[in-house]
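Protein chains: 2
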Amino acid sequence: MCIFCRIVKKEIPADIIYEDDEVMAIKDVHPMAPVHVLIIPKKHIETINDLTEKEVDLAGKIILTAKNIARDLKISEDGYKLLFRVGKNGGQEIPHIHLHLIGGTKLFEEIRPA
Amino acid sequence: MCIFCRIVKKEIPADIIYEDDEVMAIKDVHPMAPVHVLIIPKKHIETINDLTEKEVDLAGKIILTAKNIARDLKISEDGYKLLFRVGKNGGQEIPHIHLHLIGGTKLFEEIRPA
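Read top to bottom, the protein sequences are chains Y and P. Residue 927 is where the first sequence starts when you use our numbering, and the numbers rise one by one after that. Residue 927 is where the second sequence starts when you use our numbering, and the numbers rise one by one after that.
Hint data in this document are derived by calculation from the structure and do not stem from the laboratory. These figures come from a predicted structure and were not determined experimentally. Watch out, some of these pointers could steer you wrong.
Same chains, same label: a pair holds when it works inside one copy or across any pair of copies.
[Stated by the list, open to error] Straight-line C-alpha distance at most 30 angstroms; calculated DSS-like pairs for lysine-lysine:
| id | residue 1 | residue 2 |
| --- | --- | --- |
| 1 | K935 | K1032 |
| 2 | K1000 | K980 |
| 3 | K1000 | K969 |
| 4 | K1032 | K936 |
| 5 | K969 | K1014 |
| 6 | K969 | K980 |
| 7 | K1032 | K969 |
| 8 | K953 | K1000 |
| 9 | K1000 | K987 |
| 10 | K935 | K969 |
| 11 | K1032 | K987 |
| 12 | K980 | K1014 |
| 13 | K968 | K935 |
| 14 | K953 | K935 |
| 15 | K1000 | K935 |
| 16 | K1000 | K1014 |
| 17 | K953 | K987 |
| 18 | K1032 | K953 |
| 19 | K936 | K968 |
| 20 | K1000 | K936 |
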């Protein structure tokens, strides 16, 4: 079972900041910024490539959850990034969809061919 | 009217690679990678902060559209990034929601406090 499924099942601890029937949000253990939260669907779906039309609501729910957490953490006005990594070129490390919510400061960013 | 609303209305040209009733996808004019596509809701919504629960389907549709374009452009297997910039700290430049689909090569990435 993947690490996020184990966190969802409370088999391993995490700093959970939001949870409902469909999604969970946890603090990233290696934060890239003052706010770095991962929003995870409870259902095990490996990557964005594996989402089906049936899961359009779930995909939207992940985005709306991130938006609400940004509001609760008072970073909405200053801004933030929402990032899905997909596969090797995207740098995805855990094969269970997760959305990075990154903010809390002005962010330097560079994305370019390696 | 914002530049993306004008593109949606075909008042200014863009390299449109997908379009339906709800969303449009165009090539970014300043690509950061071999594939750099913007997926835009046709409805003018300034930022992710302005999404409401009524738009959960639309938010999901944007993600699913990006996934389908990645498949059509044959970058699904190698991977890619999906990025929403929000507000000043997120580096959002145009006040109309757009999702960056970035891929086509291994991507170097650094996101850190500036």
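Hints and how they fare:
1. K935 <-> K1032: Neither way: K935 and K1032 sit 35 angstroms apart in one copy and 33 angstroms across, limit 30 angstroms.
2. K1000 <-> K980: Between copies only: 22 angstroms across, 32 angstroms inside.
3. K1000 <-> K969: Intra 28 angstroms, inter 26 angstroms, cutoff 30 angstroms: intra and inter.
4. K1032 <-> K936: For K1032 and K936, the Cα distance exceeds 30 angstroms both inside one copy (33 angstroms) and across copies (34 angstroms).
5. K969 <-> K1014: within (22 angstroms within a copy, 33 angstroms between copies)
6. K969 <-> K980: For K969 and K980, the Cα distance is within 30 angstroms both inside one copy (13 angstroms) and across copies (23 angstroms).
7. K1032 <-> K969: between (33 angstroms within a copy, 28 angstroms between copies)
8. K953 <-> K1000: within (16 angstroms within a copy, 33 angstroms between copies)
9. K1000 <-> K987: Both, since 20 angstroms and 27 angstroms are each at most 30 angstroms.
10. K935 <-> K969: Answer is within; shortest intra-copy Cα gap is 11 angstroms, inter-copy 38 angstroms.
11. K1032 <-> K987: Result: close both inside a copy and across copies, 26 angstroms intra and 29 angstroms inter.
12. K980 <-> K1014: Classified as within; 25 angstroms inside a copy, 34 angstroms across copies.
13. K968 <-> K935: Result: close within a single copy only, 9 angstroms intra versus 39 angstroms inter.
14. K953 <-> K935: This pair counts as within: shortest intra-copy Cα distance 16 angstroms, inter-copy 41 angstroms.
15. K1000 <-> K935: within (29 angstroms within a copy, 35 angstroms between copies)
16. K1000 <-> K1014: Answer is between: at 14 angstroms across copies they meet the 30 angstroms cutoff, but 33 angstroms inside does not.
17. K953 <-> K987: both (18 angstroms within a copy, 26 angstroms between copies)
18. K1032 <-> K953: both (19 angstroms within a copy, 27 angstroms between copies)
19. K936 <-> K968: within (12 angstroms within a copy, 40 angstroms between copies)
20. K1000 <-> K936: within (27 angstroms within a copy, 37 angstroms between copies)
Hint violations for this structure: numbers 1, 4, all remaining hints satisfied.
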